[in-house]
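Number of protein chains: 2
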Amino acid sequence: MVLQHQALAVDRVKARVRVLDRTSGKETDWPYDRLIVATGARSRKLGLAGEDSENVFFLKGLADGIRMRRFIDERQPRQAVIVGAGYIALEVAEALRERNVATTVLYRGANPYSGLEPEMGPKIVNELEAHGVVFRGNVRPFSFTTENGRAVKVATDQGDFSADLFFIGAGVQPNVELAREAGLTIGPAGGIAVNERMETSDPAIFAAGDCCEKVHRVSGRPVLSPLGDTANKEGRVAGENAAGGNARFYGIVGAACVKVFSLEIGMAGITEAAAKKLGLAAVSQVVEANSRVGIYPGAQPTMLKIVADQASGRLLGGNWIGRDGEARKINTLAVALFNDMTLEQISRLDLAYAPPFSPVWDPLLIAANLLKRKVGK
Amino acid sequence: MVLQHQALAVDRVKARVRVLDRTSGKETDWPYDRLIVATGARSRKLGLAGEDSENVFFLKGLADGIRMRRFIDERQPRQAVIVGAGYIALEVAEALRERNVATTVLYRGANPYSGLEPEMGPKIVNELEAHGVVFRGNVRPFSFTTENGRAVKVATDQGDFSADLFFIGAGVQPNVELAREAGLTIGPAGGIAVNERMETSDPAIFAAGDCCEKVHRVSGRPVLSPLGDTANKEGRVAGENAAGGNARFYGIVGAACVKVFSLEIGMAGITEAAAKKLGLAAVSQVVEANSRVGIYPGAQPTMLKIVADQASGRLLGGNWIGRDGEARKINTLAVALFNDMTLEQISRLDLAYAPPFSPVWDPLLIAANLLKRKVGK
Chain A
186 MVLQHQALAV DRVKARVRVL DRTSGKETDW PYDRLIVATG ARSRKLGLAG EDSENVFFLK
246 GLADGIRMRR FIDERQPRQA VIVGAGYIAL EVAEALRERN VATTVLYRGA NPYSGLEPEM
306 GPKIVNELEA HGVVFRGNVR PFSFTTENGR AVKVATDQGD FSADLFFIGA GVQPNVELAR
366 EAGLTIGPAG GIAVNERMET SDPAIFAAGD CCEKVHRVSG RPVLSPLGDT ANKEGRVAGE
426 NAAGGNARFY GIVGAACVKV FSLEIGMAGI TEAAAKKLGL AAVSQVVEAN SRVGIYPGAQ
486 PTMLKIVADQ ASGRLLGGNW IGRDGEARKI NTLAVALFND MTLEQISRLD LAYAPPFSPV
546 WDPLLIAANL LKRKVGK
Chain B
186 MVLQHQALAV DRVKARVRVL DRTSGKETDW PYDRLIVATG ARSRKLGLAG EDSENVFFLK
246 GLADGIRMRR FIDERQPRQA VIVGAGYIAL EVAEALRERN VATTVLYRGA NPYSGLEPEM
306 GPKIVNELEA HGVVFRGNVR PFSFTTENGR AVKVATDQGD FSADLFFIGA GVQPNVELAR
366 EAGLTIGPAG GIAVNERMET SDPAIFAAGD CCEKVHRVSG RPVLSPLGDT ANKEGRVAGE
426 NAAGGNARFY GIVGAACVKV FSLEIGMAGI TEAAAKKLGL AAVSQVVEAN SRVGIYPGAQ
486 PTMLKIVADQ ASGRLLGGNW IGRDGEARKI NTLAVALFND MTLEQISRLD LAYAPPFSPV
546 WDPLLIAANL LKRKVGK
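Protein chains in written order, with the working numbering: chain A, 186 to 562; chain B, 186 to 562.
Certain hints may be false.
Heads up, the list lumps identical chains together, so a pair's fine if it works in one copy or across two of them.
[As the list claims (entries may be wrong)] In silico DMTMM-like pairs for lysine to aspartate or glutamate, Cα to Cα no more than 25 Å straight-line:
#	residue 1	residue 2
1	LYS308	ASP509
2	LYS557	GLU384
3	LYS557	GLU425
4	LYS559	GLU425
5	LYS559	GLU381
6	LYS557	GLU381
7	LYS338	GLU259
8	LYS461	GLU304
9	LYS308	GLU276
For the record, the hints were derived by calculation from the structure and aren't laboratory data.
Starting from the given sequences, assemble the full structure and let the hints guide the process.
In structure tokens:
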């Protein structure tokens, strides 16, 4: 898990990288024609007193996971408190319940996952509680109380929460120090600024992955979106162009999916609230349906919310929540968003129908048909 | 199940429909301003001697299903022979196995489902055989031998097959007689010709559903595609326009999905063979992957084949076969086809990734990345 070589600094005038060989402790200068910065991201810390205690965990790399599992194996914790309710936090909650650890999730927002529509919240909280996870929303943590180097409770504006294991899942922040010190432009979202070719402000230097910003095609704005598939795609583009190619990365549409116990959630685009913040006259439609034709064995309730721009009729985003493989449908929205489709176009899509896989009218078609009545086009 | 009123003829000059009241036996003329023809389709017969025997079944409406179930309940057949291997034929095979009836499927093609890529064949045949269905490809039936009004065997170019229940699943043919006799244009595929507004050759008459042709957006040609979701969409367009509106149906992309026991198959667009018949220089790529990240519990093998036009790089179609909800992914291709996306564009799509739902590189992205090397764009 220890990288042998660590880049310490980039000298853009001499086109050299100062590299530390961690095995020997020697520093040497490596020359480059083209450089790719892929410094990734690290767990965001909250800056709370006591958060560096040995039983307060973060999770970014494999070493973090190994350390946390070893602690659980050796100390057999009975009560865990998780601060945060994003992807990683809730995956940790699920893993802890699998180990029979009593688990409480404290979150600053009213509902889990900051990037979801509020309508999804109650369903996710129900799923957590059905599996023995206590969820407390609108909680602000202040500090950890420690005893002998170990945290014993976290103080919040909703009272104290005791535990023998704490986990902080507050997202990640991009590792941009090397790039900043080299004088590369850092964008408004806090990541390394790159163009479609993954070039930084220095045309000899490319960047890719969680350390750099990407364009959100729906809002047109640069954003941070530290996801593995996006980083992978950017890496290919940066590598190809560093080798003299001319590949392009066209940006993201915010497509993601997540499983919470047996509940599946897919999301794409931007939320209604985010659209309104951008000054768009966003309208939305919620549709409750089934994952299969209602009488077909195994049908499960499903709920879709879509958001559109009232002026243009363009789809802006959607959340799909259900079971029975429903999260696999979110890419229908992802491709529609990539192509700037309007509700009118979406309402006429030819989507696959068979009783085991959807109702005759796919929930997306129902939602588009209903919502297009509320928009200009 | 008996409709009270049956349209016998359309007099376009007088704008009247001759209607038979089946209860009273009386015929009357109904005037119209706008007429919608939605005469549907009927089971295609093979014209074989003996196919009208009481134990030779077709399946189109509910009455057919009730008749067949009653026969099974009362006669307890032990051996069934199915002629055909399309959606309905294989759903019947599954239902018969559920009732513990020994079942043999005879099909004119080498593999089940005429509209699929040949690579899907062995997987489907394996699934059928794993559930006790005998599949025999490249079989031509000649006639049924009957005894006392009941079929006892079907003679084919591969020998005789005995059974006490026969089922013919040879697709459907559009009911166009009323339209043809009224002088409406019948299109090259044999259905009522309509435009995007679902208008027939007479602007006062609309048609919708299985009786009429639709434009396949990939080939640009009129086709028959008797599917419930398409018929539903066309009906809305015809109805809206008959009432003075201006709705449009933009055609189909051939999106469909089907379940054979626990195997799921999604399809969209046209096959490689169909593309070559149209004179396109089609190229294709098969990708074998997993339904989840390989180490994630529950991962199942999945296979995707995509087809593209070598000259333009445009996606022409694809088949996706697997388990674990994979068929729900076919709409990703359906939306890409609707938007005439190229492999280059598809290879850059932002698709949702999470370990329970796909590998980091979605099989569609892998396929597009591989296949774009073989095309001009």
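What label fits LYS559 with GLU381 when the C-alpha limit is 25 Å: within, between, both, or neither?
-> between (35 Å within a copy, 24 Å between copies)
With identical chains treated as interchangeable, where does the CA-CA distance between LYS557 and GLU425 reach 25 Å or less: within a copy, between copies, both, or neither?
-> between (42 Å within a copy, 15 Å between copies)
What label fits LYS338 with GLU259 when the C-alpha limit is 25 Å: within, between, both, or neither?
-> within (20 Å within a copy, 71 Å between copies)
Pop the pair LYS308 and ASP509 into one bin, within, between, both or neither, using alpha-carbon distances up to 25 Å.
-> both (15 Å within a copy, 23 Å between copies)
Intra- versus inter-copy proximity for GLU384 and LYS557 (alpha-carbon distance at most 25 Å) = between (40 Å within a copy, 23 Å between copies)
At most 25 Å between C-alpha atoms: does LYS557 with GLU381 qualify within a copy, between copies, both, or neither?
-> between (33 Å within a copy, 19 Å between copies)
Status of GLU276 relative to LYS308 across identical chains (alpha carbons, at most 25 Å) | within (16 Å within a copy, 34 Å between copies)
How would you classify LYS559 and GLU425 at a CA-CA limit of 25 Å: within, between, both, or neither?
-> between (45 Å within a copy, 17 Å between copies)
Given identical chains, is LYS461 near GLU304, meaning Cα to Cα at most 25 Å, within a copy, between copies, both, or neither?
-> Within one copy, since 17 Å is at most 25 Å while 48 Å is not.
Violated hints are absent here; each numbered hint is respected by the structure.
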